[in-house]
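Colleague: Our numbering numbers the first residue of the sequence shown as 778 and each following residue consecutively.
Read the hints as simulated data drawn from the structure, not as lab findings. In this text, all values refer to a predicted model and were calculated from it rather than measured experimentally. Backbone N, C-alpha and C define an ideal beta-carbon position, used for all residues, glycine too. There could be a bad hint or two in this list.
[As the list claims (entries may be wrong)] Capping the alpha-carbon separation at 30 Å, the derived lysine-lysine pairs in DSS-like fashion look like this:
1. Lys879 x Lys839
2. Lys792 x Lys887
3. Lys839 x Lys887
4. Lys792 x Lys839
5. Lys792 x Lys879
[Claimed, not checked] Per label pair, the in silico range of CB-to-CB distance:
6. Leu790 x Thr890: 27 to 35 Å
7. Arg885 x Phe818: 16 to 24 Å
8. Gly815 x Leu790: 20 to 28 Å
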Amino acid sequence: MADPHIQSQLDSLDKLTVILYRGALTASAAIMLLMVWGSSFAISAMVVAALIAACTVHIYDKRFRWLIVGSGMFASIWLTLDIWPPLALGAALFTFSALAIKEYFCFRLKILTLTPLTLAAFWFCFAFGQEQISIAFGIIGAILLATAAIAKWRMPIHYDIGDKSRYQV
Numbered sequence: 778m779a780d781p782h783i784q785s786q787l788d789s790l791d792k793l794t795v796i797l798y799r800g801a802l803t804a805s806a807a808i809m810l811l812m813v814w815g816s817s818f819a820i821s822a823m824v825v826a827a828l829i830a831a832c833t834v835h836i837y838d839k840r841f842r843w844l845i846v847g848s849g850m851f852a853s854i855w856l857t858l859d860i861w862p863p864l865a866l867g868a869a870l871f872t873f874s875a876l877a878i879k880e881y882f883c884f885r886l887k888i889l890t891l892t893p894l895t896l897a898a899f900w901f902c903f904a905f906g907q908e909q910i911s912i913a914f915g916i917i918g919a920i921l922l923a924t925a926a927i928a929k930w931r932m933p934i935h936y937d938i939g940d941k942s943r944y945q946v
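Using the sequences and the hints given, assemble the complete structure.
Modeller: See the structure below:
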């Protein structure tokens with residue numbers, strides 16, 4: 778996670794990755810709403826958004842970065858294998874849960890700490906046929922993801938990057 782007090786010189790790739798990350802976070806909120814209403818491509822779209830967000834997130838600590846990237850890659854691989862798509866969705870939702878916690882540390886919005894519980898409850902209800910309950914959790918999840926996305930878009934791009942020399946390889 779970046780330090781907003783440090784403004785590194787950003788190149789085009791830095792700016793692109795920040796925009797892609799913020800766009801994927803925004804898309805995840807919209808996709809959650811599509812999923813609630815039964816859109817057939819929503820699982821695939823959520824997995825793609827998770828992979829984009831995971832691959833473009835700026836976190837100094839490589840352990841956390843690889844946990845997030847690993848869940849996004851797992852979601853993509855599992856979706857490609859087409860064995861049980863809800864497992865791919867679960868990995869994608871795990872990615873966004875981890876990113877919501879990362880954003881909690883960035884913004885100190887306590888409500889974002891509810892995101893992992895809400896997305897897990899949505900996934901469980903979705904995967905095991907509890908449609909009515911999954912709708913409620915899906916709408917709440919969409920609101921929480923939108924809250925994180927709005928907070929991200931309100932800050933300058935360099936806040937996402939921080940001190941470029943602190944990133945672990």
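Colleague: Tell me if the straight-line CA distance from Lys792 to Lys839 falls inside 30 Å.
Modeller: holds (20 Å)
Colleague: That 16 to 24 Å hint for Arg885 and Phe818 (C-beta), does it hold up?
Modeller: violated (35 Å)
Colleague: Could you grab the alpha-carbon distance between Lys792 and Lys879 and see if it respects the 30 Å cut-off?
Modeller: Measuring from Cα to Cα gives roughly 19 Å; hence the hint holds.
Colleague: Mind checking the alpha carbons of Lys792 and Lys887 for me, to see if they're no more than 30 Å apart?
Modeller: The hint holds at about 28 Å.
Colleague: Falls inside 27 to 35 Å, the C-beta gap from Leu790 to Thr890?
Modeller: Roughly 32 Å apart at Cβ, these two residues keep to the hinted range, so it holds.
Colleague: When you check the alpha-carbon spacing of Lys839 and Lys887, does it fall within 30 Å?
Modeller: holds (25 Å)
Colleague: Between the beta carbons of Gly815 and Leu790, is the distance compatible with 20 to 28 Å?
Modeller: For Gly815 and Leu790 the Cβ distance comes to about 38 Å; the hint is violated.
Colleague: CA of Lys879 to CA of Lys839, is that 30 Å or under?
Modeller: holds (13 Å)
Violated hints, in rising order: 7, 8; the structure is consistent with all others.
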